[in-house]
Every structure is written in structure tokens, then in C-alpha cells.
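Sequence lines, in order, name chains A and B.
When you line the first sequence up against the working numbering, it's residues 1 to 297, in that order.
When you line the second sequence up against the working numbering, it's residues 1 to 355, in that order.
Everything labelled a hint here was simulated from the structure, so no lab data went into it.
Watch out, some of these pointers could steer you wrong.
Not everything, but these chain A residues come out facing chain B in the computed CB check (under 10 Å) [claimed, not checked]: (1) F33; (2) I96; (3) T112; (4) A113; (5) S197; (6) L228; (7) V258; (8) P262; (9) V264; (10) S270; (11) F272; (12) Y274; (13) P285.
Listing some non-contacts, in silico: residues in chain A with all C-beta distances to chain B over 10 Å [to be verified]: (14) V74; (15) P187; (16) L282.
Some residues of chain A that are not near chain B, with every Cβ distance over 10 Å (derived) [unchecked claim]: (17) R84; (18) Q89; (19) M100; (20) Q114; (21) D118; (22) S119; (23) I133; (24) K164; (25) F259; (26) I268; (27) W271.
Owing to the predicted nature of the structure, the values given are computational and were not obtained by experimental measurement.
Glycine included, every Cβ here is placed at the ideal spot set by N, Cα and C.
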Amino acid sequence: MAFDWLFFLEVLIAGLLSGAMYSLVALGFVLIFKASGVFNFAQGAMVLLAALTFVRLVEMGAPLWLAGVSTLMVMVVLAMLVERLVLRQLVNQAPIILFMASIGLNFFIEGTAQGVWDSDVHALDLGVPDLPIDVFGMLISQFDIFAAAMVAALVVVLAVFFQKTRIGRALRAVADDHQAALSVGIPLQTIWVVVWSVAGVVALVAGLVWGSKLGVQFSISLVALKALPVLILGGFTSVPGAIIGGLIIGAGEKLAEVFIGPFVGGAIESWFPYMLAMVFLLFRPQGLFGEKIIERV
Amino acid sequence: MFYREAGQFKASYAADQSIFPIAQDRFGVLVILAVAFVFVPLVANEYWLRSILTPFLIFSLAALGLNILTGYAGQLSLGTAGFMAVGAFAAYNLQIRIPEIPFILDFVLAGLIAAAVGILFGLPSLRIKGFYLAVATLAAQFFLEWLFTRVGWFTNYSSSGVITAPPMVMFGFEFSGAQSRYLLTLSIVAVLALAAKNMVRSEIGRAWMAVRDMDVAAEVIGIRLLHTKLLAFAVSSFYCGIAGALWAYVYLGTVEPQAFDIFRSFEILFMIIIGGLGSILGSFLGAAFIVLLPIVLNNVSSIFAGGTLSAHTLSHLELVIFGSLIIFFLIVEPAGLARLWQIAKEKFRLWPFPY
Numbered sequence: 001m002a003f004d005w006l007f008f009l010e011v012l013i014a015g016l017l018s019g020a021m022y023s024l025v026a027l028g029f030v031l032i033f034k035a036s037g038v039f040n041f042a043q044g045a046m047v048l049l050a051a052l053t054f055v056r057l058v059e060m061g062a063p064l065w066l067a068g069v070s071t072l073m074v075m076v077v078l079a080m081l082v083e084r085l086v087l088r089q090l091v092n093q094a095p096i097i098l099f100m101a102s103i104g105l106n107f108f109i110e111g112t113a114q115g116v117w118d119s120d121v122h123a124l125d126l127g128v129p130d131l132p133i134d135v136f137g138m139l140i141s142q143f144d145i146f147a148a149a150m151v152a153a154l155v156v157v158l159a160v161f162f163q164k165t166r167i168g169r170a171l172r173a174v175a176d177d178h179q180a181a182l183s184v185g186i187p188l189q190t191i192w193v194v195v196w197s198v199a200g201v202v203a204l205v206a207g208l209v210w211g212s213k214l215g216v217q218f219s220i221s222l223v224a225l226k227a228l229p230v231l232i233l234g235g236f237t238s239v240p241g242a243i244i245g246g247l248i249i250g251a252g253e254k255l256a257e258v259f260i261g262p263f264v265g266g267a268i269e270s271w272f273p274y275m276l277a278m279v280f281l282l283f284r285p286q287g288l289f290g291e292k293i294i295e296r297v
Numbered sequence: 001m002f003y004r005e006a007g008q009f010k011a012s013y014a015a016d017q018s019i020f021p022i023a024q025d026r027f028g029v030l031v032i033l034a035v036a037f038v039f040v041p042l043v044a045n046e047y048w049l050r051s052i053l054t055p056f057l058i059f060s061l062a063a064l065g066l067n068i069l070t071g072y073a074g075q076l077s078l079g080t081a082g083f084m085a086v087g088a089f090a091a092y093n094l095q096i097r098i099p100e101i102p103f104i105l106d107f108v109l110a111g112l113i114a115a116a117v118g119i120l121f122g123l124p125s126l127r128i129k130g131f132y133l134a135v136a137t138l139a140a141q142f143f144l145e146w147l148f149t150r151v152g153w154f155t156n157y158s159s160s161g162v163i164t165a166p167p168m169v170m171f172g173f174e175f176s177g178a179q180s181r182y183l184l185t186l187s188i189v190a191v192l193a194l195a196a197k198n199m200v201r202s203e204i205g206r207a208w209m210a211v212r213d214m215d216v217a218a219e220v221i222g223i224r225l226l227h228t229k230l231l232a233f234a235v236s237s238f239y240c241g242i243a244g245a246l247w248a249y250v251y252l253g254t255v256e257p258q259a260f261d262i263f264r265s266f267e268i269l270f271m272i273i274i275g276g277l278g279s280i281l282g283s284f285l286g287a288a289f290i291v292l293l294p295i296v297l298n299n300v301s302s303i304f305a306g307g308t309l310s311a312h313t314l315s316h317l318e319l320v321i322f323g324s325l326i327i328f329f330l331i332v333e334p335a336g337l338a339r340l341w342q343i344a345k346e347k348f349r350l351w352p353f354p355y
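In isolation and in its complexed conformation, chain B is listed as follows (with noise of 0.2 Å):
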């Protein structure tokens, strides 16, 4: 009854555009920024800003990324840890090698070295479809963590093969307390949420999605195949890129090539599947529930089981239960967190009538 499209009329071709037709959308998106903005922060302690709330909106960003190549343009990739890497170690080598560099300059150009790297390894997607190519995007996982471990040049020779990043100072303000880092990653995953929003509504997100449903098709009426995989796999890598830069810079600090295993890429793999494959909305959705799920399995295992268990038998039951849960949902909604909460949305049209 409240929530409903019935009055608002489109007076310009602006308004038929928007993003958000509806005004209760507009609205509730401004108050879920403002909260996120100002609200958070003041409230917000220590732990949950630098632990959980930091970590989930990278996630998210990395998450975004490869919905983007897997959502919208069905490309499947198992490489996004290794895309993750190369823009951790490439902001990394800028400001150590060009220290003039601005960090947040130094962030965009690791994306975009991220995503040369990522058409690089995209180029086999114009032959290898479906589970092939899954398999071969592990080589890309494989190598470039390979090569961040086995060549010094990439670690500035540290001893240890463990980077760390340099303090982010801009216009003499440095970003080191938890809020203003939380503050800086919630400004840059806003913004490039917002352009992705923008870009899957766009020719070119319109054009990834002719060549998920069929290639073969797609091609038929004019879509260049080259380009437009090509270009799914550089946006991809560069949000991926400017995910990694931020988990070594905001969150982490130190960071060494093996945090972004094959494991990393499948913990992303499954906030997108949990999330909503093809979902802007879907990848912050699965991204929370991947990071929140073994907080809250830790901590209710803790209560429940806490000092008559070993850690041993806890962590292994974690895994249990974990593994259960992914199932269990893929059962009960294959589609993602996104589709409920579109569900949610259609009854909130009628109600509290029943039709």
C-alpha cells in the first residue's frame, strides 16, 4: 500500500532513466547511506568498524566485481583472489617505487593494471566456455600467486614474502584510526557500486547479458564477442584490483600472497551464488552473510559448546555446519538472498491487502 509506483508520474526522460523510479527506493537507499555514513561511525566500536564492517564492504567490492564477469556476462571465473592480489601488490609497488603518487591515485592505476591482467587471462574465454573455463581462470589463480611468492622484485625482497603497506596520508590527513579507514573504503565501494549499477543498465551491461543467455546468439545481432567478454573481464579485474589494494592497505596492513588463496576466490564464488547471481544488491547481501556466518557460528558454538569441546573438534564442526547451510539455501532458494528480498518487495506493494 505505502510502498507502490501508482501516482508518480515520469514528466522527463530524466526521471524514466533514474536508477530508482520509485521514490520510496530513492528515499530508502539515501537513508541506508546516511546511516551507513554518519550514523555507523558514531555508534560503531573498534572491533565491529575494523573487523566486521571494514571486511564485509571489500568483500562486497570484490564481490561486486565477479558478478559482474559471472552475474552479467556469464563468464565463470575462479581467479578472483589472484585478480585481488595483483591490485594489492601493484598499489604496493607504485608507492613504494613512485612514492609521489597519491594513494588514492595509486588505487585506481592497481586496478587498472588489475584489469590488464585480467583481459590477459580473459583472452581464452573467446574459445573455452562453462566449466572449462572455470578451470582454466585457476591458472590465473594459480600463477599469479605463484609469481607474488616465487619473485623477490614483486615483494621488494623482503625476506619474509610478506608486504606492508605503507601509512595513506592525503592533503596531511592520515587515515589510521579505524573510523576514518572504515569511512574511506564505505566512500570508494559507494562510488563504484553506483557506477556498476549504472554500467549494467547501460549498452554494455545490456550487451553482457545478450552473451550470458547465448553467444552464439548475441553475435548474431552484432555484438562483438571479443569486446564486449573482453571488457567484462577488465571492469571485473578492476574492481577486484581496487578490492585487494583495500584489503592489504585498510584492512590488513601486512599482507602476504597466500591471503588470497584458491580458497579466497571460492568464499567470493559463494557470496555471489548466496547473494543472487546477476545482483548489485545481491553482492553486499552475500558478502554479509559469508562474513557474519562464522562470527555468529563461532559464537553460538562458543555459548553453546564453550570449554567442553577442543578447538579441534569446534572448527571442524564449523565446517559441518557451514557446508550444510550453503546447501540448505541453495535448496530452498537457488536464485540468492536478491530474489527474497524481491519477493518481500511484491508483497509489500499489496499489503495489507491481499491483492
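One chain only, chain A, in its complex shape (with noise of 0.2 Å):
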């Protein structure tokens, strides 16, 4: 049988898209790592929060561009909460500490967007069809599409408001060093606001691509697990590491889904992703664009 090199390019492509879905929830993981050191887990429930705020919000009537405002303000707000309540306490514990804080806030996120809201299955139409296009022969989603180039103008806002504002800046000092940042009169306590913000930001962006594409329900919260071994790939401390370990895993799963799955019983996206990640770092600890770790004693 000759190897049918459009469908396996069918599959990359529709690989690569999907990637680029789980580099946006892994984004905002790094964000968060970056300035304020918490491996935080509560990010799907974020995405989750801002999906559901936002889904309820245009059921109700609102227009798109009101509940979209709406659920920023919810972000913001549960950023200044989380800085309030959470962070400012535990500043100095040890990252185990902190990333567990953030599990704890992922109940407290999921059973609050629940509560508030509810917990039934809602469709979300941000006007997109989920339709194949023809391309050469090859049918791609063209929702899939879509995604793919909200993620890109995401990276693209980032990438401008991170180099080229004053807010941006200091965000990056922070992000370099703490107690330098500190002393030259940056305020931390402002920039985790800002920070979790951002990530609040990204989060609506995913839970309103995930949305779509899934229904606005409590599994949207699951994504943050597809995010993890794009994170570990990417290196934590790394943005494009986010982009292209997204990639990498997206098209890695599709792949081994269509080609190897068959052989082995199915449903290995579930864990492909996790043993590809793994496998990798066994050669580079630091995952692709991770800072290099030097070691002394």
C-alpha cells in the first residue's frame, strides 16, 4: 500500500491547529510562572469562569462586545482577589506550597462558576461554522482555522504590550528578578494583578475558541491537562516555548492517534502526549526554550 501522503498531511495540518488550541491555555501557565513563580493550576478553571461568565452573559441578551467587556472585568477582579487573598499571604513559601494553593483555588473557581452560573452544556456560536474547507484537496476545519489565528494575534498583542509598554517592561523585570525588581521601585503587588489579568485574558480568549468548539461545560476546565506536557515541552519560563511545544504536541498526538493508535487499542491521546513530553526532556531537562539550569553547591 503507497503511503497516502495527503491524508497524512491532512492529519499534521488538523494536528497543528489543535496545537495551537492548547499553546493558548498553556500561555497563560507561563505568564503566571514567569512573574509570580506559582505553577498555577487553576488555570482551566479559569478558562472555565470566563467561558461560562461569558456564555451566560450573551444567553441573557447582552451583545458579544458587552459580555466580552463584562467577563474582562470578572477577570480582573478575580485577579485583584486571588493577588488579595492568596498570593500576598504565601509570598516566601516554597513552590510546593504555592502550586497546591492554586489546586485549592481550582475547587474554589470551579465551584463557584458552577454555582453561580450552572453547570448544564452551552452552546456557544461566535458566528464560525465548524466546517471543512477544501485546500489543495485536503478538507480543513475551518473553525480550526480561526483558532489558529486568534492564537497568532494573541501572541502578536502579548508580544507588542511586553516589549513595547512600561507596564510591559516591568513585567518583565519582575519576571527576571524578584528582589531586583523591587529595589528599583517596581511594585509587585501591582504587577501580580496585571499579571493574573493577562492570564485572565488568555483565559477568556481559550474558554471562547474551547467553547465553540466543545460546548461551554465543566470539561473545558479539563484542557489544562492537555496543557501540561505542552508546558514541560516548552519549557515553563518560555512564551514561544508555549507556541511551539503546542505545535509539536498537537500534530505528535493527531499522528500517533491516526497511525500507531489502530494497533494499539485507541484513545492513546489521552497519555501520547505526556510520554512524548517525557521522553524529550530526558534529553533536555530544560525543556526546549527553558532557561538552562546550572546546579551548585
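From these two lone chains plus the hints, build me the complex, please.
Right, here's the structure in full:
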């Protein structure tokens, strides 16, 4: 049987596009990890909260832009609460304690989001149909292209924000060295609020994209688990790493599922990305773009 | 005043090396054991034995296992439930394929199989550290869950993917009542806890702690990293494997791979963080906290809001309260419940004098 290159390419592109959506979630992790050193497990819950708030507001008759702005405000308020009630109290604690606190936060946000709104499945329509279009004989989902474009736009906006604005520079300073940043007069606590808000914005975009693909429901908070292998592959502290890692994981996962899956019983999507990332880490422990690990005694 | 070491002289090496050097501690532990072995089975009703105390003991065992790996050896793992699943399914397969083996030996063999799997997934720990390792251990979690769900051989081709534990018979006695099962679990947990307590005071435990505090420095003073880290993974998985086998055989009876999902791993991680990292006592305190909290929340919320709130809202409210309590605990006492107990002991030494 001749190898079907066209089919291979089709799967590859579908994988790359869905990988772009993973990197969207991974981005939120990276932003928070860089600035506040928290491995924020609640990112998935934030995606759920943003998507639920948005979709419920739309269902109540709010126009899309109003729903978007209101959801943004909810995410900013959340960031302020997290900084005031959690981060400020846990300054200087070990990373694992902060990680645990973020799992607690995860439960809290999940409970609140579903308690205030509800836990039904909501359809979210952004006006882009999930129909395949024909490109050189390959079928590619129109929605996936739209999602990838959103990711690209978001990355450009974030890059400009980080490189060109005053706050962006302060954020990078904090990410480099907390103490040095403090000593030149950058208010750490404000920066944390800003960074968690930015992560909230990323969560909103991720929530919109994933929500309109899968329907807004509890399970979209589990996409956070998909973002973890992306994260270790790309390195915890690297934005480009999150993007490239997402593409690699997305493509690898789809190719494995289609070409290896049938031989071993299928549904290997659940663990393949982790194995891929783990094997990769054996050769490069700090991830693709992570900071070089230097150990001193 | 009553709880202190004054006047207790150690006249032999054995006395100097005893687990509980203070007579009051020895007495206290004996009392606790006597209460657990004799008093509790007589007093507690079926519900308490079956649904609260037995799972508490099993969780304590799993938490003990994870605490050895994470609290003592410093290797963060999120694959605990996966190793529990290995134990459960190994015990099941051993028993249905070789029925001649007595079930206690089955449990031990299941623990050893889990240990072997643990070593396999512990190999990356030589290169990967910290959160990177935690995510890498998720590979074990998801892979093992997938393996037991998808590969029919492990469930003996049961159509529903659920395994039913065969009855446990030893010397013609069948462990079927809540009391006998509780006592069985308690005995196993007590023996393994004693072993763990001794292990962490020995050369092995000290090597683990050295690796936890700084592995490069540990290597410099001559500790073999490969050996030490893999041993931690093996011992930890052994404990988790036996906990998993108990979970399937003693507690549930029938078990599906989804009973060992990632949230079970998180639950056990919560136990050791809330109980106290690097503390045997902490594993038990944390397990008690996490097992009892949902039950208490459930009862309290049904007393205060019985009938006025829907079941959905209640379950969401419980999530919110659970999350906030965890954050609250981490803020108030990041070193865990075991640390609170230590502070209390310090106070007892002086009481009733101010200093």
C-alpha cells in the first residue's frame, strides 16, 4: 500500500491547528509562572469561569462586545482577589505550597463558576461555522483556522504589550528577578494583579475558542491537563516555547492517534503527549526554550 | 510537666535508638493501638467501620507511600493513583490466574509489581526535577489508567471493564464482615507504618533526606543518586500498590480503572501537604482530614440548608468550601498538621509553667 501523503499532511495540519489551541491554555500558565513563580493549576478553572460568564451573558441578551467586556472585568476582579487573599498571604513559601494553593483555588473557582451560573452544557456561537474547507484536496476545519488566527493575534498583542509598554517592561523585570525589580521601585503586588489579569484575558480567549468547539461545560476546565505536556516540552518560562510546544504536541498527538493508535487499542491521545514530553525531557531537562539549569552546591 | 524526658536515662544502645525515646510517647502509642485494635471494633457500628475507618486507613497507607517519595526523597509525583491501580489489578490477576497463592502473599506480590512499575517511571527523575518531574509522572498516571481500561487481559475480558475481587480466605476464615476487614487493614497499615518509621530513621531515610535537600551536594558526599531515587520510587510504589490492592479487595470489592484517576492522585497529595511533608504522623492526620472533611461538610450543609438548596448547588458549595479551607490551611500552617502537633508537644513539656 502506498503511503497516503495527502492524508498524512491533512492529519498533520489538523494536529498543528489543534496544537495552537493547546498553546493558548499553556500561555496562561507561562505568564503566571514567570511573574509570580506559581505553577497555576487553576488556569483550567479560569478558562471555565470566563467561558461560562461570557456564554451566560450572551444568553441573557447582551451583545458580544458587552459580554466580552463584562467577562474581562470579572477576570480582573478575580486577579485582584487572588493577589489580596492568596498570593500576598503566601509570599516566600515553597513552590509546592503555592502549587497546592492553586489547586485549592481551582476547586474554589470551579465551584463558584458552576454555582453562580449552572453546570449545563451551553452552545457558544462565535459566527464561524465548524465546516471543513477544501485546500489543495485536503479537508481543513474552517474553525480551526480561525482559532489558530486568534492565537496568532493574541501572541502578537502580548508580544507588543511586553516589549513596548511601560507595564510590560516592568513585568519582564519582575520575571527576571523579583528582588532587583523591587529595589528599582516596581510595585510587585500591582504587577501580580496585572499578570493574573492578563492570564485571565488569555483564559477568556481560550474559553471562547474551546467553548465554541466543545460547548461550554465543566469538561473544558480539563483542557488544562492537555496544556501540561505542552508546558514541559516548551519550558515553563518561555512564551515561544508554549507556542512551539503546543504545535509539536498537537501534531504528535494526532499523528500518533491516527497512525499508531489502531495497533494498540486506540484512545492513546490521553497519555501520548505526556510520554512524548517525557522522552523529550530526558534529552533536554529544561524543555525546549527553558532557562538553562545551573546547579551549584 | 508530665510530658518530658527528664529522669529517663538511656543505659543501652538499644534504648538510645528506640523509635519513641520518651516513656510517655511509648505509652501513648500503645494506648492508640489498643484503642484501634480492641475498643473501636467493639464500639463502632458497621457504617463507621466500613465507610469511614477502612478508607481512612487505606488512604493513610497511600499517603505514607507518597510521603516517602515526596516528603522524604523530595520527588514530586502526581502518579500515585496509577501505582495504586497497578497494585489493585496485579492482586486481582494473580489471584484469578494462580488461585493457590494465599491472598496476603498476593498483596505483597502486587506491591512488588507496583514497585517494579514505580522504578520504571522513576527513571526520568535522574534527569528531570521539580515540576517538570511532576508533569512527567502524569505520564505514568494516564498511561496506566489507559492500560487497564483498554487492554482486556488485565480485567480478564470483563465486558464492563470492572473487576470484582474474589473473597479473601485465610486458614478457612473468610474476611467478609466489616469488623474483620477493618482489623485486617489495620494490621497491614500498622506493620507498614512501623516499617516506614524505621526506614526513615535509618541510613536509607537519611540518604533520601540528603537528596531532597540538595541532590548535587548529596552526590558529592557519596550518596548514589540512581540507587537512592529509584529506591524511593520503589518503596513508595510498594506502599501505594498495597493500598490499591486493599482499596479493591477490602473497601470496594468491585473496582474500575476510573476509581484511580488523576483526582485520586491529587487527593493523596493534599493529604500529605495538609498533614505535613516528611512526617509519618502527618500522613495519618492528613488522610483523616481529607476523608472526614467532605463528610462533615455534607452533614453540616444538610443541617443548615436541608431542603432549601438543590443537590447541585450543594455540591458546588462544598467544592467552594473545600477549596477555601485548603487555601486557609496553607496560609495558617504551611508545614501541616504534624507541625501543629509538634508545637502542642512543646507546650506540654512546660505546662503548667510559663517557661
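Please name the hints from earlier in the document that this structure breaks, with their numbers sorted from lowest to highest. 5, 7, 8, 16, 18, 19, 20, 21, 22, 26, 27
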